[in-house]
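Trainee: Chain by chain, the residues run as shown.
There are 2 protein chains.
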Amino acid sequence: MALKEIINMDEVLEQIRLELSAGNWDAVTSLLETLRRSDQAEVFSDLPPEQQQEILPLMDPVNSADILEELEDEEVLEIANRMETDRLVEIVDEMEPDEAADLLGDIPAEQAEAVLQRIDESDEVRSLLEHPDETAGGVMTSMDVHILADMTVDETIQHLRGLSPDSETIYYLFVEDKAGHLVGVVSLRDLVVAKPSTIIRDIMDDDPIYIQVGADQEEASRLMFRYDLLALPVVDANRKLVGMITYDDLLDVLEEEATEDIYRLGGVPKEQPADVALSSAIKTRLPWLILNLVTALLSATVLSVFEDTIAQVAVLAAFFPIVAGVSGSAATQALTVTVRGLALGDIAPKEGFKTLGRELLLGLVNGVSIGIIVALIAFVWKGTPLLGLVVGAATLLNMVCAGLAGVVVPMLMQKLNFDPALASPILVTTTTDTLGYLFYLGLATLLIASLV
Amino acid sequence: MALKEIINMDEVLEQIRLELSAGNWDAVTSLLETLRRSDQAEVFSDLPPEQQQEILPLMDPVNSADILEELEDEEVLEIANRMETDRLVEIVDEMEPDEAADLLGDIPAEQAEAVLQRIDESDEVRSLLEHPDETAGGVMTSMDVHILADMTVDETIQHLRGLSPDSETIYYLFVEDKAGHLVGVVSLRDLVVAKPSTIIRDIMDDDPIYIQVGADQEEASRLMFRYDLLALPVVDANRKLVGMITYDDLLDVLEEEATEDIYRLGGVPKEQPADVALSSAIKTRLPWLILNLVTALLSATVLSVFEDTIAQVAVLAAFFPIVAGVSGSAATQALTVTVRGLALGDIAPKEGFKTLGRELLLGLVNGVSIGIIVALIAFVWKGTPLLGLVVGAATLLNMVCAGLAGVVVPMLMQKLNFDPALASPILVTTTTDTLGYLFYLGLATLLIASLV
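Chain order of the listed sequences is A and B.
Every letter in the first sequence is one number past the one before it in our numbering, and letter 358, counting from 1, is 358.
Every letter in the second sequence is one number past the one before it in our numbering, and letter 77, counting from 1, is 77.
For reference, chain A alone in the conformation it holds in the complex (with noise of 0.2 angstroms):
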């Protein structure tokens, strides 16, 4: 629980507020700084933008800059917006260059340019500007460490010495030849075991595994995840080493991943916290229902045609929800486990038949009891066997359908190179309700003269 932490944070934030509405920007300046840096940012965040205003000049610029590396994007660009040139410039020198590329690519051009005009490594994070957000070049960071194959160790950890301390580019060492290509990789626990004569090829492994600059970041963490790296060295086109990505941007593209399909399959397009502004909610969810209501038209189509059916066996109707909606919560869970299967690789994409079949008989399965008790409850509360075995004869042929639109759909998806978790609940159970409400009226239509 790291028990003391939290009473420690507790105890801060409450003098924060106290020294807050006193009005005592610098102690409320010095209590910050004595917080871990995830704290501070939170507590920071938290705070009014007019007391974020008054206090981050008072602070210095690397607390400055760690906080800023903290917050969401959205909060950056507000602060930064506001801010003079001469701090901001200040502030990002203190930024590791993956970051201070981030910031400057989130702020107008203007200003960004502004900026890079004067800070210290502006190389570094003009080039890093230039890759998409998205890709292994997006969330690298650039190397400031330079190990060469004919080193020793001795003179390897000289070298390390002379970094700053900050520097996040040391827990493996990634070895170049001459030209900067990238020839090998060694541990810097293998470092420190070695002996300090011992020449750095003779340690490294000379097979590392490495990323493309244009890949997509995806595939980067799923290198990083599939091999437990703490770092994966990026490589242009001639293998020349221009980065690397280190273990604190996979945590994040791994979480970003997580939600993203979490997102898609709760049928919100786009990843958004949580207490997002109402006019970004409003954009990323209405076009949603609208499609879904145009779905649903398909259906409320099917149940039109069958108008007739409903007004002489009104009887018909009460079993919508369970014909339509049992069938639904099957489709999902077949669409859930196929979605998550292709996310995590257990589903190869030429396994799709084996999957398929797997669905479809677990549809039969689960189809034949749901539709053994649906027949059953519809019998004992309407008294007619007949509509007993309608209503459960069209949930056992919708359950194995579910199966197969929970299958299909996503894998669909996949092969039009769309994300799979698109095909979210709305479009499989648009499917079941359509199928479910044709199957359900088409039978009982047939069977009209002994219903009514």
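Hints may be right or wrong, so weigh each one.
What the hints assert, rightly or not - Quick list of in silico lysine to any residue cross-link-like pairs, SDA-like style, CA-CA up to 20 angstroms:
| id | chain 1 | residue 1 | chain 2 | residue 2 |
| --- | --- | --- | --- | --- |
| 1 | B | 195 | A | 158 |
| 2 | B | 354 | A | 278 |
| 3 | B | 350 | A | 45 |
| 4 | B | 178 | B | 134 |
| 5 | A | 270 | A | 290 |
| 6 | A | 354 | B | 280 |
| 7 | A | 195 | B | 158 |
| 8 | A | 382 | B | 311 |
| 9 | B | 195 | A | 171 |
| 10 | B | 382 | A | 307 |
| 11 | B | 382 | A | 308 |
| 12 | A | 283 | B | 356 |
| 13 | B | 283 | A | 45 |
| 14 | A | 350 | B | 50 |
Rather than coming from a laboratory, the hints here were simulated on the basis of the structure.
Here the structure is a predicted model, which is why all the values come from computation and not from measurement.
Place chain B on chain A using the hints.
Mentor: Below, chain B without anything else, positioned relative to chain A:
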């Protein structure tokens, strides 16, 4: 892309298939041993059980241990069941203590005891076995390095040289006092760049983040994620160091938790691989469908109550999927955002009313928009302005309730100490189904004279 890796692996796979069909087990074994451990495990787990059984005894224990560490629990159990104890002892001896404990915890107690009596690190493994699976103690590994605060950097490095080259426990060194209490942490990086004569106490961080051995593994992963930790020390009630949770375990926990949320939101209460046995899949999914069936009876009852209205104005039925379905999707959206917000800590428990207010407002705005579109569709399609009004008004009302249900159900779940993700769409869509029919048919019944 690590293109080279992937191409190599495809070639190796092809060769392995060739050698397998020729029955050249030794060739298969040496080919497998050229692969990285994650790849070895993947190729191995794709082989049929009889081939696995031929190959495993031919591989050396280190490689066998690597493969078993990477396989799924169920696969390991199957293999261990068929293996002789002698062989199992050899393999377990090559495993990290945490992996060994995981394996022994999964096999029959009798076989586990037989192995425990003969392995080298039996004390460490035994004490790890005592902790429940989902606690910090259950995922931690034991410490095989003990650093005291008054050692010098040079002494520490000498000490590290004596460790097994595979030791996981080395990127952070946790520092103890003579009685074994956790007093600090020093990173390997700080160690490398420090002068050899420096005392550890002078370079260590004396306020390390730690976790109690009985805390939930999710709590541990949240701390590591929040503070970007590569390792988290685990302490007992007296703050004595008992183990550590490493980076690779964190990744596994994070992925497990994301998958669990996705499954639960999709109405699959228990996570299982996409290719789980049919009987397990039925056992997990059928009860949930039956629960759904029971809740669907609620909306069935509403429909049944309004049977007369439906018989008189059968055209009403055409709009069921719209009034109920679109609101169901809106409820799922609200649910998804709330559940993920709670999981990521974006929504604090006390911010419930703020979230509720937001979603109600969103429901109102989306409800007015969708309500107007739906009213227009009903009017144009069926030519009855009053029908359009009834459909539109019911949709609007139901959309607001959807926002309410999507927030209140998961919040209530959390209040009652259930996982909010268990508030799957099944529960909230039942609410929107029932209320949708109630509003819609209730309004229609009030206005029946003008609708017929």
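Trainee: Could you work out which earlier hints the structure fails to respect and list their numbers in ascending sequence?
Mentor: Violated: hints 4, 13, 14.
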